[in-house]
Amino acid sequence: MRARDIDGRSRISVAQQAFNEVVDGLPDETQLGIRVLGATYRGKDKKQGCLDTQQIVPVGPVDRTQAKAAVAGLRPTGFTPVGLALRSAAQDLGTGSTTRRIVLITDGEDTCAPPDPCEVARELAAQGTRLVVDTLGLAPDEKVRRQLLCIAGATGGTYTAAQSADELTGRIKQLVDRARDTYTAAPAVVDGTGACDGAPMLAPGVYTDREAFSEHRWYRVPVRPGQELRASVSVALDRPVNPDYGVLLRATAPDGRELVRGVDAGSGRTDVVSAGLRWSAAEEKDAAASPEPTPSGVQAARTVCLVVSNSFAPRGGTRAEPGMPVELTVDLVAASPAPDGPDLGRGWALLLLLTLAGLVTGLLAGLLTRWWVATWREN
Amino acid sequence: MRTPIRVAAAMAAAGLTLTPAAALAAPSPSPGAATVTKAGTSFLTATTITAGQPVRVGASTGDHLYWSFRADAGQVHEIGVTVTFPKRRTGASTWTVDVFDGLRRRQACTAGAQTPTAATAATSVALGCTLRRVRPWAEPWSGDPLPGTYYVRLSVTDLPEPDLGLPIEVDLLVGAVDEGGASGDDGELAAALVPNTRAGTVLTAEPTPEPVAEEETDLTGWLPEAGSRWVWTTVGGVLAAVAGVAGFALTRRPRRR
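So the sequences go chain by chain: L and V. Just so it is clear: in the first sequence, position 39 is 39 by my numbering, and no numbers are missing. Remember, my numbering sits 1000 above the position in the second sequence when you count from 1.
Keep in mind the hints are simulated off the structure, nothing from the lab. Hints should not be assumed to be uniformly reliable.
For lysine to aspartate or glutamate, the following EDC-like pairs were computed, each having C-alpha atoms within a straight-line distance of at most 16 angstroms [said to hold, decoys possible]:
| no. | chain 1 | residue 1 | chain 2 | residue 2 |
| --- | --- | --- | --- | --- |
| 1 | L | LYS173 | L | ASP340 |
| 2 | V | LYS1038 | L | ASP177 |
| 3 | V | LYS1038 | L | ASP181 |
| 4 | V | LYS1087 | L | ASP166 |
| 5 | V | LYS1087 | V | GLU1161 |
| 6 | V | LYS1038 | V | ASP1171 |
| 7 | L | LYS46 | L | GLU109 |
| 8 | L | LYS173 | L | GLU29 |
| 9 | L | LYS143 | L | ASP181 |
| 10 | L | LYS68 | L | GLU21 |
| 11 | V | LYS1038 | V | GLU1161 |
| 12 | L | LYS143 | V | GLU1169 |
Pulled out of the complex, with its shape left as it was, chain L reads as follows (with noise of 0.2 angstroms):
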């Protein structure tokens, strides 16, 4: 951080700007705080200055000179316990049903290891609270874009390199607006099962859940008589994979039997795979499929099985555990039944072709009229 190599100014120095500009300029109703990392222990011993993380502003609504007082007197040390000042993070900001977004602006690797501040990452993603962590590197090298792309990756995050005060300053307010924009409800966690039966009954909703390498999940979602089932499933690769990939989302009846699929496959770098299925009970007429007899006047709702599984393939040293993130959103929708249209026809050219048909059968009759009635006239 005290390398005076942007702009010819210090990183501390640009990042103190940075953050005076995003304290001005945000609205009042942002709930914000900072911890700092490797700001206070001037010492060399690792063990202490691994343990050098504060929170400077406490979450909640911003007093804008404190916060800037707090920031002005930050000094840069040696050590960058990443993985303890993230886990400190996420503590600060408590749990709850919404997202929270983590800003995290570095210059330097983590050299407190372990804990691996990517694991450390995964590991808070994984907790069931919605946790998101945007990276900023400093003038970043190839060691800290690595380390920063790991964290960001892991939690749905992006990753910036700013090379200039103006672009911090920017990134920054984006992610902080962005913050408050995606500041709503987070998906029911979930947990689904290796089998149908005794699988989680699920309401129309968005849920999530943690799904491993070549694992099936699955879900059970009742459906009445008239009603369409409508299901879509994103797998987010949160970790390093072969770069050929793919998601399929099945419905089934009880018994197994396939309903319909939902499926794509892709290759190369992306975030989320997707697939998605409709189906309507109105559409079957089996009668096999509802054995119990039903009493008059009353619909039963049938289950239909979702199962969710992926064909990933982990590299080398990639960790299997925790699973990789599952966003599942079911929905029930009245159905809409096929059309029944009459063979009847529409358009300009339906009515020209009519109209000239018309024409030729009055000029057909009108000439065989004329000629009928001078035959008969002659005779």
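The hints should help you fit chain V onto chain L, whose structure is shown.
Only chain V this time, still in chain L's reference frame:
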């Protein structure tokens, strides 16, 4: 006598060439539309835009940017994206614009450079995607485009790793051409493909059976809607009858005065 027929033929030819040209014209922003300066980073956080609304947003190389727009039956949408690189890059990069429907099903592009590669020295790259015409109805098992939400995702699929994180400028515009022809005769989707984004609830018990709702019969339900095949064909029949009488009358000897 010949001139009107020739004019009619020329007009028919012009009509034939005009339709595809209109469909393939580059999208242009609608006048007075406010520029959107945001982009989402996932399906759930996609920024909502409308057709004709320009988008200009700064981002980092490697970001996956999401927008969503609403499509109605009969429309053909065309997406145009330009990515500008203000900084020097170390190698060529391949960009892609993916389009998904409300069920996150991948949508095919009928035209446009969906995955162009930007050379190392290039300062910008243009992407495009023309979607299929949105159908008013499709069987649940089919993947046809249906009315509802559509998602656009811009990402870089292949690049040298050191280029990740560099700033980019993204310009995006979604254009819509309404070709009409969406009639209830061809089926209608009871609910548009708009995703439910509320947090779900895990049910603890099977839902109780629901009493069957009595179907209400309404007199107006029997009347065919304007533009339906019933109306067209009936009008055609009437025209044919009139033309028949007219044709018959033409063959009669003119009356002596």
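Are L/LYS173 and L/ASP340 close enough, with their CA atoms no more than 16 angstroms apart?
-> violated, 55 angstroms
Is the straight-line distance between the alpha-carbon of L/LYS143 and that of V/GLU1169 16 angstroms or less?
-> Distance of about 26 angstroms is beyond 16 angstroms: violated.
Within 16 angstroms, alpha carbon to alpha carbon, are V/LYS1087 and V/GLU1161?
-> Holds, at roughly 15 angstroms.
Are the Cα positions of V/LYS1038 and V/ASP1171 separated by 16 angstroms at most?
-> Holds, at roughly 11 angstroms.
CA of L/LYS68 to CA of L/GLU21, is that 16 angstroms or under?
-> Holds. L/LYS68 to L/GLU21 sits at ~10 angstroms (cutoff 16 angstroms).
Is the hinted pair V/LYS1038 and L/ASP181 satisfied, with a Cα-Cα distance of at most 16 angstroms?
-> holds, 10 angstroms
Verify the proposed pairing of L/LYS143 with L/ASP181, using a straight-line Cα cut of 16 angstroms.
-> Answer violated: L/LYS143 to L/ASP181 is near 32 angstroms, above 16 angstroms.
Compare the distance between the alpha carbons of L/LYS173 and L/GLU29 with 16 angstroms, and conclude whether the hinted pair is satisfied.
-> holds, 15 angstroms
16 angstroms Cα cutoff - pair L/LYS46, L/GLU109 | Roughly 15 angstroms separates the two Cα atoms, so the pair holds.
Compare the distance between the alpha carbons of V/LYS1087 and L/ASP166 with 16 angstroms, and conclude whether the hinted pair is satisfied.
-> holds, 14 angstroms
Hinted pair V/LYS1038 and L/ASP177, Cα distance within 16 angstroms | At roughly 9 angstroms apart (the allowed maximum being 16 angstroms), L/ASP177 and V/LYS1038 satisfy the hint.
Is V/LYS1038 within 16 angstroms of V/GLU1161, Cα to Cα?
-> Cα-Cα ~25 angstroms, so violated.
The structure fails to meet hints 1, 9, 11, 12 from the earlier list, while all remaining hints are met.
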